[in-house]
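Student: From just these sequences and the hints, can you work out the full model?
Going down the list, the sequences are from chains V and F.
Under the working numbering, the first residue of the first sequence carries the number 1, and numbering increases by one thereafter.
Under the working numbering, the first residue of the second sequence carries the number 158, and numbering increases by one thereafter.
By construction, these hints were calculated from the structure, which means they are not laboratory data.
Computed list of lysine to aspartate or glutamate pairs in EDC-like fashion (alpha-carbon distance at most 20 angstroms, straight line): (1) Lys254/F / Asp123/V; (2) Lys254/F / Glu113/V; (3) Lys254/F / Asp121/V; (4) Lys266/F / Glu53/V; (5) Lys309/F / Asp321/F; (6) Lys266/F / Glu69/V; (7) Lys260/F / Asp123/V; (8) Lys10/V / Asp27/V; (9) Lys320/F / Glu258/F; (10) Lys254/F / Asp119/V; (11) Lys266/F / Glu113/V.
These are the residues of each chain, in order.
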Amino acid sequence: MINLNVNHKKYRIDADPDMPLLWVIRDIIGLTGTKYGCGVAQCGACVIHLNGEAVRSCVTKLSRGAGQEIITIEGLSANNNHPAQVAWNEESVPQCGYCHSGQIMSAAVLLREKPNPTDQDIDDAMAGNICRCGTYLRIRKAIHLAAELQKKEGGTT
Amino acid sequence: MNNLVKPWQRFMPSRTVLIMGLLLYFVGLMAFAMNHKTELKKELPPHVVIRKDSVASVKAFTAVYKVLMSPRCMNCHPQGDIPLQGDDSHLHTMFPKRGLEGKGVLAMKCANCHQPTNTPGLNTPPGNPNWHLPPADMKMVFQGKTPRQLAKQLVDPQLNGHKDMQKLVEHADDGLVKAGWNPGEGRSLPPMSHAEFKKAWITWLSTGAYAPKK
Numbered sequence: 001m002i003n004l005n006v007n008h009k010k011y012r013i014d015a016d017p018d019m020p021l022l023w024v025i026r027d028i029i030g031l032t033g034t035k036y037g038c039g040v041a042q043c044g045a046c047v048i049h050l051n052g053e054a055v056r057s058c059v060t061k062l063s064r065g066a067g068q069e070i071i072t073i074e075g076l077s078a079n080n081n082h083p084a085q086v087a088w089n090e091e092s093v094p095q096c097g098y099c100h101s102g103q104i105m106s107a108a109v110l111l112r113e114k115p116n117p118t119d120q121d122i123d124d125a126m127a128g129n130i131c132r133c134g135t136y137l138r139i140r141k142a143i144h145l146a147a148e149l150q151k152k153e154g155g156t157t
Numbered sequence: 158m159n160n161l162v163k164p165w166q167r168f169m170p171s172r173t174v175l176i177m178g179l180l181l182y183f184v185g186l187m188a189f190a191m192n193h194k195t196e197l198k199k200e201l202p203p204h205v206v207i208r209k210d211s212v213a214s215v216k217a218f219t220a221v222y223k224v225l226m227s228p229r230c231m232n233c234h235p236q237g238d239i240p241l242q243g244d245d246s247h248l249h250t251m252f253p254k255r256g257l258e259g260k261g262v263l264a265m266k267c268a269n270c271h272q273p274t275n276t277p278g279l280n281t282p283p284g285n286p287n288w289h290l291p292p293a294d295m296k297m298v299f300q301g302k303t304p305r306q307l308a309k310q311l312v313d314p315q316l317n318g319h320k321d322m323q324k325l326v327e328h329a330d331d332g333l334v335k336a337g338w339n340p341g342e343g344r345s346l347p348p349m350s351h352a353e354f355k356k357a358w359i360t361w362l363s364t365g366a367y368a369p370k371k
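Tutor: Now the structure itself:
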């Protein structure tokens, strides 16, 4: 049994310690917002926060997550109101939407570490998140808007 | 009669047991300390004795250079701030950046993809608990260096991460250095075994760490 803390809830997981966290989160816990894209840390669709870092859950073993703080897209905010989520909605960023939970999770780390990111900061932070619909320009716009919203809120998440 | 102390009453077993116990404890502690010291000595490489021999030194460095310029070493000692990747040492896809500590930046930290161990599968992210590039203030570039430039850099504490001779010798057994010989599926190994590399490395250092002419 491995103890997991996902979105501030405790779970006891009976699974192989080598199982990817993505499988645990989706198939055992039932949180399907995090997506499977490539399975080899190349696309970013499966980004979750592990102790606040944007890790690729498809290559992260369950054992690495034991006892650590894991946040998925479902737990990023109380009411889908993280500045990045609000901005994504405002700018109608997604097309097919498949990659965007990963995009938003990466953007959230960027906004925490660089509350006023430049275009270069956005490129540096988001280069590991691929969007087959090519929504990159809207992603950039939304991150700038999220930075503004975050400033207005007077705090970072 | 009541004031007479009988012989067996003088024995005072609790005090004797206490003293003997203390003695045994100290004997045990000393034995552990000596044993522990021996263990530590076994783990540390012997102190380097320098016997200058420029011919042997330069010859040994030829082997060292081959390893350090192989993709498994050079890929994490790039000229720029983006690591290299693959046996052809192309720029790492997604262009992750070094960052101040060499551990990546923002949502692109090395450990976000590189796990404590290799990920199973062909060309999947290799792993190590301490995966990183050299830090921004001590880039320790290998890429593009001639044998002479690299040899001089390796022994200059201002350029080699403040390592003295002893630390340089020990660095051959660094966990991330050794990870080069456990690169994960789909990647070539350095051109010689770690044992051969270590031997050449120590030979180069202990014969005076001479730099080749070019």
